[in-house]
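Turn these sequences into a full structure, and let the hints guide you.
Protein chains in written order, with the working numbering: chain A, 1 to 432; chain B, 1001 to 1303; chain C, 2001 to 2312.
If you are wondering where the hints come from, they were derived from the structure by calculation, not from laboratory data. Check the hints yourself; a few may be wrong.
Unchecked claim - Below, in silico cross-link-like pairs of lysine-lysine (BS3-like), each with a Cα-Cα straight-line distance of 27 Å or less:
id : chain 1 : residue 1 : chain 2 : residue 2
1  : B       : Lys1130   : C       : Lys2018
2  : A       : Lys236    : A       : Lys166
3  : B       : Lys1124   : C       : Lys2018
4  : A       : Lys78     : A       : Lys236
5  : A       : Lys62     : A       : Lys236
6  : C       : Lys2012   : B       : Lys1124
7  : B       : Lys1130   : C       : Lys2123
Nothing here was measured: the structure is a model prediction, and the numbers come from that model.
Below are the chains, spelled out letter by letter.
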Amino acid sequence: MKLFQKLVSLALILMMALSLVSFAAADGVVEVTLPTYKTGENVGAIFFEPLVERFNAAYEGKYHITLEELTQDMYTDKIKQLGAANALPFLIEGGDTEWIKQVVIPNDMFVDLSGLIADNNLMDILIDSQVAYNTTEDGKVFSICVPVTRPMGLYYNGSMINLGDKTCADLSWDEFIAVLGDNKIAFMTGENAWTTQLVLGSLIAVEEGGAELLSSHTIDKLMDYNQPCIINAVAKLQKMMQENGTSNQIGAVYADAANAFMSGNAAVIANGSWMVGDFAEDGGKWSNGFNGADVRGDVLPGNVALANNDGFQYWIPASATAEQQEVAKAFILFTLQQDNIEAYMLAEGGVAPKLTPSEEYVAAASKNKLLYEYVNAVNADTIIVPNVGDIMTSSIGNTEFGNLLPLLISGELTPEAFCQQLTVLAQETALD
Amino acid sequence: MQTTVNTAGHARKLAAAARRSGRSIKPMTPGRVVYLILAYLFLLFIVLVSVYPIVWVIMSSFKSNAAILGNPFSLPDTWNFDAYVSVLNQYSFGRYAVNSLITAGGSTIVSIVFYAMAAYVIAKYNFPLKNFIYVILTLTLLVPGHTKTQPIFQMIMNMGLYDTRTGLWLVYLSGGIAMSLFVLKANFASIPRDLNEAASIDGSGFFRTFWQINLPLARNGLATAGILMFLGNWNEYYYAALLTSSEQNRTLPVSLAYFNQAFSYDYTRMFAALTIVVLPGIIIYALFQEQVTASVAASGVKG
Amino acid sequence: MSTVRRGRKGGKYTLMEKRSFPWIYAFLFPTLLLFAVFYVEPIFQTFVTSFARFNGYTPPQWSLDFSDLGGTIFRNYTRLFSMNSFGPAIRNLLWWSLIAMTVHVGIGTAVGVLLYNRLRGWKFVRIVYMVPNVISGAAWAMIYRFMFNDDIGVINNLIRRLDPSSHIQWFYSSPAAFWAITFTWVFYAVIVALVVMGDLMAIPASLHEACEIDGASGFQKLIHIDLPLCRNAIGTSVLLSVTSRIAMYENIALTSRGGPGNDTYGLALILTKSITDFNYGLANATAMLMFVFGIVTMQIINRVFRMNDPVY
Chain A
1 MKLFQKLVSL ALILMMALSL VSFAAADGVV EVTLPTYKTG ENVGAIFFEP LVERFNAAYE
61 GKYHITLEEL TQDMYTDKIK QLGAANALPF LIEGGDTEWI KQVVIPNDMF VDLSGLIADN
121 NLMDILIDSQ VAYNTTEDGK VFSICVPVTR PMGLYYNGSM INLGDKTCAD LSWDEFIAVL
181 GDNKIAFMTG ENAWTTQLVL GSLIAVEEGG AELLSSHTID KLMDYNQPCI INAVAKLQKM
241 MQENGTSNQI GAVYADAANA FMSGNAAVIA NGSWMVGDFA EDGGKWSNGF NGADVRGDVL
301 PGNVALANND GFQYWIPASA TAEQQEVAKA FILFTLQQDN IEAYMLAEGG VAPKLTPSEE
361 YVAAASKNKL LYEYVNAVNA DTIIVPNVGD IMTSSIGNTE FGNLLPLLIS GELTPEAFCQ
421 QLTVLAQETA LD
Chain B
1001 MQTTVNTAGH ARKLAAAARR SGRSIKPMTP GRVVYLILAY LFLLFIVLVS VYPIVWVIMS
1061 SFKSNAAILG NPFSLPDTWN FDAYVSVLNQ YSFGRYAVNS LITAGGSTIV SIVFYAMAAY
1121 VIAKYNFPLK NFIYVILTLT LLVPGHTKTQ PIFQMIMNMG LYDTRTGLWL VYLSGGIAMS
1181 LFVLKANFAS IPRDLNEAAS IDGSGFFRTF WQINLPLARN GLATAGILMF LGNWNEYYYA
1241 ALLTSSEQNR TLPVSLAYFN QAFSYDYTRM FAALTIVVLP GIIIYALFQE QVTASVAASG
1301 VKG
Chain C
2001 MSTVRRGRKG GKYTLMEKRS FPWIYAFLFP TLLLFAVFYV EPIFQTFVTS FARFNGYTPP
2061 QWSLDFSDLG GTIFRNYTRL FSMNSFGPAI RNLLWWSLIA MTVHVGIGTA VGVLLYNRLR
2121 GWKFVRIVYM VPNVISGAAW AMIYRFMFND DIGVINNLIR RLDPSSHIQW FYSSPAAFWA
2181 ITFTWVFYAV IVALVVMGDL MAIPASLHEA CEIDGASGFQ KLIHIDLPLC RNAIGTSVLL
2241 SVTSRIAMYE NIALTSRGGP GNDTYGLALI LTKSITDFNY GLANATAMLM FVFGIVTMQI
2301 INRVFRMNDP VY
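Here it is, written out as C-alpha cells:
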C-alpha cells in the first residue's frame, strides 16, 4: 500500500511537471500516432478501435492516440523497415520473431518493462509462462502480453452439416470429413494462408511426435520440414484441399475464405474466436441466405486446439521519447484493467487464467451462445499446441507457404517435395 | 503532334503529311478491303484491351457485391455513389492526392528547370566532354530504379528524411533525366542560332539570353517533358511505398496497397477506391493529351 | 555536329565559346549533381557492397580469401545463383524478353504503321492506347488481378460461357500465371507505336514517290522501305521493352507474388525480398546483375540494329 501511495504521488508530481512543460509547448495533450492493422474491416478492429476510443476518453486532455491503418499482411515487414529507418512507432504489437530476437533484443532497441510489472503488481494477472518467455537473459522484460489464452478451433455451418450429439473432440479428421460429405472447407493460399495453416497445425498435432515438434519450435524456428509427421500431415491436407476445398481457395485471401463461409459456399472455416463478431449480426457480409445463428463453434477434429502462449505483444522501442513512453505505458496498463480484459474476451473470446470474472462479464458471456460454445469446446483431453505459423520463419509463414500450396493442390508437388521446398526456403532466408 | 513539337524535321513532316493526305482516296480493291477489315479488327482489339479494364472497374464500382459476383458484364442498374461516399469518408484521399501533387509536381517544376539548363547548353554550345556528358546522362534511362534501392533508402535515412514528403520529392527530382534531355535538347536545337547572336550583340548576358529568349521559345518542349515527368512521379509506387510509412505522407498509388485488404469483403468499395486512384491520372492525360503523346514519341528520337 | 568543329586543328573552341565555359558548367551543375547523387553514388555503393557481408545493422564487412572466393568476396553472388528462385527468375526474364522483342514490339509497330496510314479514327486509337500508360502500374496490376479472378473476373466468366466447367487459376497455377503476368503488359506498346510512327513520318516523301513510280505495292513499300528506315525506332523500342522486363516488379508483386511456388519470380522480386529479409549484400548483388543485364542488352541492340550508323 505504501508503495502504491508513493507511486501515485510520484505520478502526480510527474504529471504536474509534465503538464507544465507541455503546457508551454502545446496545448497539453500528448498526441501520438499508432500504426496498427486492427482498424476498419479487420476482425481485430471490433475490440481494438473502441478500446483506443475509451483510452482517449479516459485520458482526455492528456494523451491522445490516433490510429493509422496498416494492413495485417504488411505489418511485420513495415515494422522491420521502420526499425531500419530508426523510426519505430511508440508502441508495437509483436513483429517478426526472428528480427526481434536477432536485432531488437541484442541491440537493446526496447524499453525494459520489468519496472512497470513490479510497480503495478501486474504478476497478479499476467500469465507466468508468457512473462518468462519475454524475459531476456539479463532479466529485462521485452513485451507484455494481454493475459488471455485463446485456443483456436473451427466454425461450421449447422444448417449444412450435423454432427449429431458428437463434437469435434470426439471425431478424427477422417470421421469429420465423412460427415462433411461434399461440403467444402474454406481454405486459402493467399496472404499467409491462415485458415489452411490452422488445419495443417491440427493435422500435425495428431501425428506421432507432431505435438512435440510444434511445441518445441516457437523460439528457434523450424528449419527442417523433412519430418514424417509433417509429410504425413501435408499429404492429408493435400487430399482435403483437392476434395473438400472451396472453388475459390487458390489465391484466396482471408476475406475470400470468410466470404466463402458467410455465403454458404463453405461449411467449415478454421479460425480464432475473434470471428464470432462476424456472426453476431449481418454487417453486410452475409449473402446467399447465410444466417449467423446457424454457426457452431468447436475445436479442430482430433480434439486439437491451437494456441501459442509464447509470443511477443506490446513493446516500446527505445527510440520512443519520454512522453511517448509514458503514453505507451499508460496504454498497456489500460488494456490490462479488468474491464478491458473482459471486454476483450467478450469481443474475441479466450480465457484469462488468473482473473476472477466479474458478474457483468459472466452475465454477458453467457448471452453470447456461440462464443460460449467455442470457448468451452476445449476439454481436459484437448491437445493444445502452437500453430504451424508460429514455428515458421516469417517469410515462409507470410508468403512462401501460401505460394507453394497451389502446386500441392494441383499435384505438381508431392507432400515430400513440398516439405523439401519449405526446408530449402527456410535455409535461404536465414539472416546474413 | 505536328502542331506541338517544334523539332528539326517539323517542316519536312508537315510536307509529307500534306502529300499523304491525298492518298486516303484510294480505289477499293479486294486486297484493300481485306486489309481494312484486318486492320480495324486489330485496332478494335487494341482499343478494347486498353479501355475495357478501366471501364469495367468504373462500372463495377456502381454495382452491388451480389451483382459483381453474379454478372460481371452487366451495366449498373443505378448510378449509386454510396461506395464512393463511404470510401471517401474512411480514407483521406484528398490528403493522398495533395501528397502526390506536392511530391510529383514540386519535383517536376524544379527539375524541369535544371534539365532545361543542361539541355540548353548541350544544344547550343560546344565545350569539352559535351558528348560524353550527354551520353552518360541519357544512359540513366537504362538503369532499373530498383537497383538503387538500398543506397537510396540509406541516404534518405541518413538525411533524416525517412517518411517525409521532402525525401520523396528529392528522390523524384532525379526521375526522367534522360527523357527530358531528349525532348528539351531537340527543342532548343530547333531555335535559330541567330537569336543568340543578336542577343549577344545587344549586350544580353548568358543567363538573360537563356531565360528571356530561349526558355519562352522552348515552352512546348518544357510542357511536353514536364507532363511526362509529372505523370511518371505521380504514378510512382515503389519508392513511395519504401520511403514513407505514415498516413500523413501517403501518396495515391501507395494507398492502393493499404486498402487492398480492408475492402476485400466488399468489391464495390474496392472498385470505387480504384477508380478514385486511377481517375486523376486519366483526367490529367485528357487535358494534356497532345503533349503526352508528343513527348513519348520524342523520347525515342535519338540524339 | 560537334565532331565537325573538333576536327579543326589548333584551338578547338573559339574565344567566345571559351568565355562561356563558366556559365556552361554552372548550367550543367544541378543536373550533374542530381546525376552524381542519385545515380553514380548509389550504383557505386551497390557495386561495392554487393561483395560484402551486409545486413543493415552492422557495417558492411569485406573478406577476401583466394582459396574460397565464392565464400568470401563473391559470397552474395554465390548465394544468389544458388537460390531456389534464381533459376525461374532468369528463365522468366529470358522468355519475357523474347516475348517483349517479338510480340510486344510487333504489336506496337503494327499500331504505329496503322496510325501512320491515317486510317479513319486513328486519332481516337492513339488517345485511347495511351490510357494504360498514364495510370499507375500498381493500379493496373490490381485491375488485372481482378480481371483474372475466378469469381468476379471477366476473363473466366467469359471462358465459362463456352466451357462452363472451366476454372483457370490464372495467377496461381502453372503455366497460367506466367501468361497472366504476360498479359498485364504485352499488349500495351503505345511507346513503341509512337516512336515508330515518329520515324515513319520522318521518311522523306520523295522516297515514297519514287516507289509509287516504280509501281511498288503498299506492302512491298512497308517491308523494303518503311520498316528498314525505322530501324532506330524499333531498336529503341526493343531496348526499352527489354529493360522494362528486367525491372518488372508491380506486375508480379501485386498479382502472383512470384508464385505458384517460385514459378513467376523475377530479379526485382528477389531484390525486394532480400531487403525485407535484411540481406542487403544479397540485394545489392541482385541489383548489380540487373544493371549488367541492362548494359549488355544495350550493347547487343546497338550492334544488331546498328543504332550508331546513319539511317539515310
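Worksheet item: Does the structure break any of the earlier hints, and which numbers would those be?
Response: 4, 5, 7
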